[in-house]
Amino acid sequence: MMVEKVKGIKYHKKQDVAIVGAGMTIFRRRLNETGKELSYYAVKQALEEAGLDISDIDMVVMGSAPDAFDGVHMKGEYLLDGAGASNKPYVRVFVGGGTGVFAPIAGYWHVASGLADVCLVVCEEKMSSSHPHPQSAFKYIWDPILDRPLKPNLIWIFALEMRRYMHVHNIKHEDIALVSVKNKANALDHPAAQLAAKITVEDVLNSEPMALPVRRLDVSPPSDGAAAIVMVAPHIARQLTDEPVWVTGVGWSLDTTWWTNRDLYFPRYVAEAAKMAYKMAHITDPRKEIDVAEPYDPFDYKELHHMEGLGLAKKGEAPILTREGVTARDGDLPVCPSGGLLGVGNPIAASLGVKVAEIYWQLAYRAGKRQVAKEVTTGVAQAWGDLMQVGTVVVLSNKR
Amino acid sequence: MAVGKKDISCPPYVKGREIELEDLKEKKVTYVEDHPDIRYSFTAGQAISKFLKGLKEGKILGVKCNKCGRVMVPPREFCELCFKPINEWVELKDTGVVETFSISYIDPDARPLEEPEIVAVIAIDGASPHMGILHKLGEVDPEKVYIGMRVKAVWKPEEEREGAITDIKYWKPIEG
Numbered sequence: 000m001m002v003e004k005v006k007g008i009k010y011h012k013k014q015d016v017a018i019v020g021a022g023m024t025i026f027r028r029r030l031n032e033t034g035k036e037l038s039y040y041a042v043k044q045a046l047e048e049a050g051l052d053i054s055d056i057d058m059v060v061m062g063s064a065p066d067a068f069d070g071v072h073m074k075g076e077y078l079l080d081g082a083g084a085s086n087k088p089y090v091r092v093f094v095g096g097g098t099g100v101f102a103p104i105a106g107y108w109h110v111a112s113g114l115a116d117v118c119l120v121v122c123e124e125k126m127s128s129s130h131p132h133p134q135s136a137f138k139y140i141w142d143p144i145l146d147r148p149l150k151p152n153l154i155w156i157f158a159l160e161m162r163r164y165m166h167v168h169n170i171k172h173e174d175i176a177l178v179s180v181k182n183k184a185n186a187l188d189h190p191a192a193q194l195a196a197k198i199t200v201e202d203v204l205n206s207e208p209m210a211l212p213v214r215r216l217d218v219s220p221p222s223d224g225a226a227a228i229v230m231v232a233p234h235i236a237r238q239l240t241d242e243p244v245w246v247t248g249v250g251w252s253l254d255t256t257w258w259t260n261r262d263l264y265f266p267r268y269v270a271e272a273a274k275m276a277y278k279m280a281h282i283t284d285p286r287k288e289i290d291v292a293e294p295y296d297p298f299d300y301k302e303l304h305h306m307e308g309l310g311l312a313k314k315g316e317a318p319i320l321t322r323e324g325v326t327a328r329d330g331d332l333p334v335c336p337s338g339g340l341l342g343v344g345n346p347i348a349a350s351l352g353v354k355v356a357e358i359y360w361q362l363a364y365r366a367g368k369r370q371v372a373k374e375v376t377t378g379v380a381q382a383w384g385d386l387m388q389v390g391t392v393v394v395l396s397n398k399r
Numbered sequence: 000m001a002v003g004k005k006d007i008s009c010p011p012y013v014k015g016r017e018i019e020l021e022d023l024k025e026k027k028v029t030y031v032e033d034h035p036d037i038r039y040s041f042t043a044g045q046a047i048s049k050f051l052k053g054l055k056e057g058k059i060l061g062v063k064c065n066k067c068g069r070v071m072v073p074p075r076e077f078c079e080l081c082f083k084p085i086n087e088w089v090e091l092k093d094t095g096v097v098e099t100f101s102i103s104y105i106d107p108d109a110r111p112l113e114e115p116e117i118v119a120v121i122a123i124d125g126a127s128p129h130m131g132i133l134h135k136l137g138e139v140d141p142e143k144v145y146i147g148m149r150v151k152a153v154w155k156p157e158e159e160r161e162g163a164i165t166d167i168k169y170w171k172p173i174e175g
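In order, the protein sequence lines correspond to chains A and Y. The first sequence begins at 0 in numbering that gives the first Met the number 0 and counts up by one. The second sequence begins at 0 in numbering that gives the first Met the number 0 and counts up by one.
Hints in this document: simulated from the structure, not taken from any laboratory. Idealized CB from N, CA, C, for every residue including glycine. Hints may contain errors.
Residues from chain Y that face chain A, not an exhaustive set, calculated with beta carbons under 10 angstroms [said to hold, decoys possible]:
(1) Ser-8
(2) Asp-22
(3) Phe-41
(4) Val-72
(5) Ile-105
(6) Ala-119
(7) Gly-131
(8) His-134
(9) Val-153
(10) Pro-156
So that you can see chain A by itself, here it is in the shape it has in the complex:
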């Protein structure tokens, strides 16, 4: 059958979407609370900031990464009460590490489609249940026939990608380590931070080798934690606040699990996701039009890799911008002013709290000591995940 090809995607929506509140727990290696309890804390705080009650919530989206961490194979359903979703339309979404930014995208569908006027988005991760180390749960994301017999560790794919990225652009480890130094220092101003510290490039280069080129201080820690945001329609936003932050673009894209079949130096799936989000947000020159960014930084090189995928730097240029201080909190393009996953912690999906929630707080001028020096209008949050295959992007603006 022949069908007429639609030229380009048009983004139809029923109504605009604003964020009016956010909340998060502390991020730590081990928390005493269950996932439900952590979700409850994050939701209460988000509702408090929004000035809403749980009865005001129409629908709920939960984001959480592999079931194997919590050890409950219906994790979405298990976490439901903590997310405030009893007897409400509720769905759990999951794209690995990309979940923390994918869950707000799913929240956006709910409101933009007109199905909901108030949608709560909650993300939870309890990595410490899997012990002695959450890495043991990661064993089961590999291809069972071709990869698992080689006894892989998840760090391998990052090491392989980092090496390829360094090789293609002739980047030194020193320049990559600057990201870890910056983000861990930024995290000193984040009340939830797990690994905030003043460290040096030498500390990173001399830290314990894991899978070279990756060393201990190139990596974010496993964490427990939860985060939440409240997404609403314009007529609700108007009643709640004079300064809503608008979701002006969303984008997501996935490549295959055949990750050994592509040149790892550039995350094309992130670029595709960004292209979609920028088109929706009418952004043509992201480097000039984006004021503040929270790209996904589970590893220091990943921040640079993702800046390039997001078009915030040319290919190979992100380390130069970092070295010149452009990405510092008082720079021209602050990147990961929250302290990111490297400094605040990496409870996979709950990184929502340092990605989309941080950009929301920055654009609402509520980031306190973390507030970037420059005036901000537009920001971007991005996450990455699965087997080198997913990019999730949200563009926010304090102008509609």
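Position chain Y relative to chain A; hints supplied.
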């Protein structure tokens, strides 16, 4: 811009009770232990079964898509880009190029290894550019490995092969 709640620094507070290592040692935390024992037997599927059979015979098999022309390894039943069935199988060489590599000091459970191992993505000769597989390198000093290094598969003796990715023990540098 309007003012509203600008004076609030967010997050205004953060909740959660951290468990210190001391708490664990002194058994101050209530834990319930469980060790799920779930067993699987995975079918290798149409294409990968043939690939594994090839390995047993000391051959690396790929497939060619007659639409886009890509020669792919590992092989697959359909071209995911053209979304067409594959009908041409090709025998690739057991040589290739190191696309990227890592020197790993940790096992799958993040425990330290006694001897580091070298893992690599190897682009296989005869396949399209950057078409690689995940494998290991051997008979080489980790310091001497580089991207672009030419390598050759070191096979297990025929009688020990079982139709698995580990029928190739590792890849070693091609001299000269």
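Are any of the numbered hints broken by this structure? If so, which, sorted upward? 9, 10
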